[in-house]
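Participant: As a plain string of letters, each chain reads:
Number of protein chains: 2
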Amino acid sequence: MSGTPGTLYLVPNTLDFGIEGAQAAPLSDVLPLGVLQRAAQLQHWVAENAKTTRALLKRVDALVPLAAPLQQVSIVELPRPAKGAKAAPPADLRPLLAPALAGHDLGLISEAGLPAVADPGAALVQAAHAAGIPVRALPGPSALLLALAASGLNGQSFAFVGYLPVEAGARAARIRELEAASRRLGQTQLMIETPYRNAALLGALLAQLKGDTRLSVSCALATPEGFTRSDSVEGWQRRPAALPADRPAVFAFLAA
Amino acid sequence: MSGTPGTLYLVPNTLDFGIEGAQAAPLSDVLPLGVLQRAAQLQHWVAENAKTTRALLKRVDALVPLAAPLQQVSIVELPRPAKGAKAAPPADLRPLLAPALAGHDLGLISEAGLPAVADPGAALVQAAHAAGIPVRALPGPSALLLALAASGLNGQSFAFVGYLPVEAGARAARIRELEAASRRLGQTQLMIETPYRNAALLGALLAQLKGDTRLSVSCALATPEGFTRSDSVEGWQRRPAALPADRPAVFAFLAA
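Chains as they are written, first to last, in our numbering: chain R, 1 to 256; chain A, 257 to 512.
Derived by calculation from the structure, the hints in this document are not laboratory data. Treat each hint with caution, since some may be false.
Coverage of chain R stretches by chain A, computed from C-beta distances (three or more under 8 angstroms per stretch; other residues unrestricted) [unchecked claim]: (1) 109-118; (2) 125-137; (3) 160-174; (4) 228-238.
For glycine and all other residues, C-beta sits at the position ideal for the given N, C-alpha and C.
Excised from the complex, chain R in its bound form (with noise of 0.2 angstroms):
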């Protein structure tokens, strides 16, 4: 490395993704007016999705003009990690660290909300530490975090668990074992499903959980549509809800 390195940016991201035919949310909405001005400027990018990244730069472009046209700016996609390949090697990622090495500021995005919080993006900040780049996270929206605060639930102990097993027994198991777990630590566990699997896991926690369990499920949090519900599970299951099954969700419960 010569000189100063530039600063990885964790750029968030809107909730749009995957929500499709909705309105989606004013970009001035769900993210600072700064961390438009930060995007603009940055020319050196790392992504989950090239497409879905020059497209928010589009939408970016359209309140903060680019500091440079979209064709000259460089977005190399993060590689996918090959399902159930846990004991691969991991992938060398210091080249995707080049620009930074070489002085320039380099842009990490995700799909939707901040990258590497349930999202790809971990393993190049970790290699960023490890090459002495500056790293700094910009605010924007988490779709965790809001369903969390809109959930009424314990924000004070909580854990996120990713996804659940899609085989029954083993989901059940699991959402047993969580419910425990929330008992003795007093903690919200949180969890999201592929959308088009919204009203299965909902009916296994509603087949699973004690009624006194209290169960919020936030739904489509960047649309104008988006809603949360949290009631005790008795109290769902005396007033059923069907869930979209084109929307995203965030699952939380908390045992009593």
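Got chain R; can you put chain A on it based on the hints?
Facilitator: Chain A alone, transformed into the frame defined by chain R:
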């Protein structure tokens, strides 16, 4: 309740709180314009602290004129739970929701970051759900999630555990317990500390954690001097760092 209730908006605050003498980041760097516009419209608030809420609304007013003079904006403080009074009956929060039940939108705000996340407010949100008041969380900065993203640790599975015990023996035992959970679950553990105890917590973590556990400290993320350092415990021991005693920090670790 007569007619349609208003909405309870969970309004994010800046992360400046408790950072005396530091250069505050401009409001537009941390809060989306849409959030400032919503805050400027709200004439009924429930706040962790009325004084800091008024200070924020003055800063909002300089960017987006308030819909009503600040003197006419109603700000009611959340009841403060007495320390160690876990057995005390929770306060009846429904009177605080009266404006929403009368059809007015109501804002909930804490001293920093998102209300009801690592901050008071969850009980009011729960009361709103019980009363049929729609709840909407607005996007903004969260020191916890910014620290997690910048740590490069596992963002697919993490727990926020709040404060650790102050007493040395209990704190050491808690750190070892959390490290065991981190190893077993592959789960990043996030915690916070009162700033003047930053150095003591760092010392305890370095004394208790295994050398190959990765430890990240994010300090004063909202200010230009903010930084994240992420390294193995062994690396921290080889290259010690002094943490400021007057800046809030988020600590995160992940066992190997």
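Participant: All hints, please: hold or fail.
Facilitator: Here is what the structure says about each hint:
| no. | hint | result |
| --- | --- | --- |
| 1 | 109-118 | holds (count 5) |
| 2 | 125-137 | holds (count 9) |
| 3 | 160-174 | holds (count 3) |
| 4 | 228-238 | holds (count 4) |
Of the numbered hints listed earlier, not one is contradicted by the structure.
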